[in-house]
Amino acid sequence: MDKKILKWLYDVKVSIDEINSYFIDEKMDFFEYRKNLMRKRAVERNLEIIGEAINRILKSDHSNTLKITDATAIVGLRNQVIHAYDNISDETILGNTYQSSSKVKN
Numbered sequence: 040m041d042k043k044i045l046k047w048l049y050d051v052k053v054s055i056d057e058i059n060s061y062f063i064d065e066k067m068d069f070f071e072y073r074k075n076l077m078r079k080r081a082v083e084r085n086l087e088i089i090g091e092a093i094n095r096i097l098k099s100d101h102s103n104t105l106k107i108t109d110a111t112a113i114v115g116l117r118n119q120v121i122h123a124y125d126n127i128s129d130e131t132i133l134g135n136t137y138q139s140s141s142k143v144k145n
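Taking my numbering, the leading residue of the sequence shown gets 40, the next gets one more, and so forth.
Hints should not be assumed to be uniformly reliable.
Derived DSSO-like pairs (lysine-lysine); straight-line CA-CA distance at most 30 Å [what the hints assert, rightly or not]: (1) LYS106 / LYS46; (2) LYS42 / LYS52; (3) LYS52 / LYS98; (4) LYS106 / LYS43; (5) LYS52 / LYS106; (6) LYS42 / LYS74; (7) LYS79 / LYS98; (8) LYS79 / LYS43; (9) LYS46 / LYS74; (10) LYS106 / LYS79; (11) LYS79 / LYS52; (12) LYS98 / LYS42.
For each label pair, taking beta carbons as the anchor points, the in silico distance ranges come out as [stated by the list, open to error]: (13) MET77 / THR131: 15 to 23 Å; (14) MET40 / ARG73: 35 to 43 Å; (15) ILE44 / PHE70: 35 to 43 Å; (16) LYS46 / ASP125: 28 to 36 Å; (17) THR108 / GLU57: 17 to 25 Å; (18) LYS106 / TYR49: 13 to 21 Å; (19) THR131 / ASP64: 17 to 25 Å.
To be clear, the hints were calculated from the coordinates, so they are not data collected in a lab. We put the beta carbon where it would ideally sit given N, CA and C, even for glycine.
When you get a sec, could you build the whole thing from the sequences and use the hints?
Have a look at this one:
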């Protein structure tokens with residue numbers, strides 16, 4: 040496998056681990072998440088990194104050997120966070136964070 044792809048996969052793993060670390064002392068509770076602006080921004084930044092890394096992998100993996108579940112949705116969420124930041128809800132971010140972290144981690 041290409042070294043760049045391995046690096047991007049590593050970036051995805053690190054970002055997922057970081058997101059999970061923000062919730063070590065408590066569950067992913069929507070109301071607690073919403074109150075903590077610093078945590079929200081940190082989660083959003085990691086989702087941007089995950090989406091960008093997946094996007095680069097999709098563009099570079101010409102052999103299509105990697106099968107990334109919901110890759111298009113992950114990239115789409117990244118695009119929303121970056122380009123439509125004023126139109127994305129906390130519910131969307133936290134819901135996708137919970138789903139993505141449990142899927143991609145495995």
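Here is how each hint holds up against the structure:
For the suggested pair LYS106 and LYS46, the alpha carbons sit about 17 Å apart, so the restraint of at most 30 Å is met. For the given pair, LYS42 sits about 15 Å from LYS52 by alpha-carbon distance, which is consistent with the 30 Å threshold. Annotation: proposed proximity of LYS52 to LYS98 holds, straight-line Cα distance about 19 Å (limit 30 Å). Proximity of LYS106 to LYS43 is assessed by CA-CA distance (about 17 Å); at most 30 Å being required, the pair is judged to hold.
Restraint check for LYS52 and LYS106: the C-alpha separation of about 16 Å stays at or below 30 Å, so the hint holds. For a cut-off of 30 Å, the pair hint linking LYS42 to LYS74 is broken: about 40 Å separates their Cα positions. About 29 Å separates the Cα atoms of LYS79 and LYS98, which keeps this hinted pair within 30 Å; it holds. For the given pair, LYS79 sits about 29 Å from LYS43 by alpha-carbon distance, which is consistent with the 30 Å threshold.
At roughly 33 Å between alpha-carbon atoms, LYS46 and LYS74 are farther apart than 30 Å, so this suggested pair is violated. Between LYS106 and LYS79 the CA atoms are separated by roughly 29 Å; this keeps the pair inside 30 Å, and the hint holds. Between LYS79 and LYS52 the CA atoms are separated by roughly 19 Å; this keeps the pair inside 30 Å, and the hint holds. For the suggested pair LYS98 and LYS42, the alpha carbons sit about 14 Å apart, so the restraint of at most 30 Å is met.
A beta carbon spacing of about 19 Å between MET77 and THR131 agrees with the range 15 to 23 Å that was offered as a hint. At about 39 Å, the CB distance of MET40 to ARG73 agrees with the hint of 35 to 43 Å. A beta carbon spacing of about 38 Å between ILE44 and PHE70 agrees with the range 35 to 43 Å that was offered as a hint. Distance hint check for LYS46 and ASP125: the Cβ-Cβ separation is about 32 Å, which falls inside the suggested range of 28 to 36 Å.
For the pair THR108 and GLU57, the supplied restraint of 17 to 25 Å holds, since their beta-carbon distance comes to about 20 Å. As the Cβ distance of LYS106 to TYR49 is approximately 18 Å, the hint placing it in 13 to 21 Å holds. Against the hinted window of 17 to 25 Å, the Cβ-Cβ separation of THR131 and ASP64 comes to about 24 Å, which satisfies the hint.
The structure shown violates the earlier hints numbered 6, 9.
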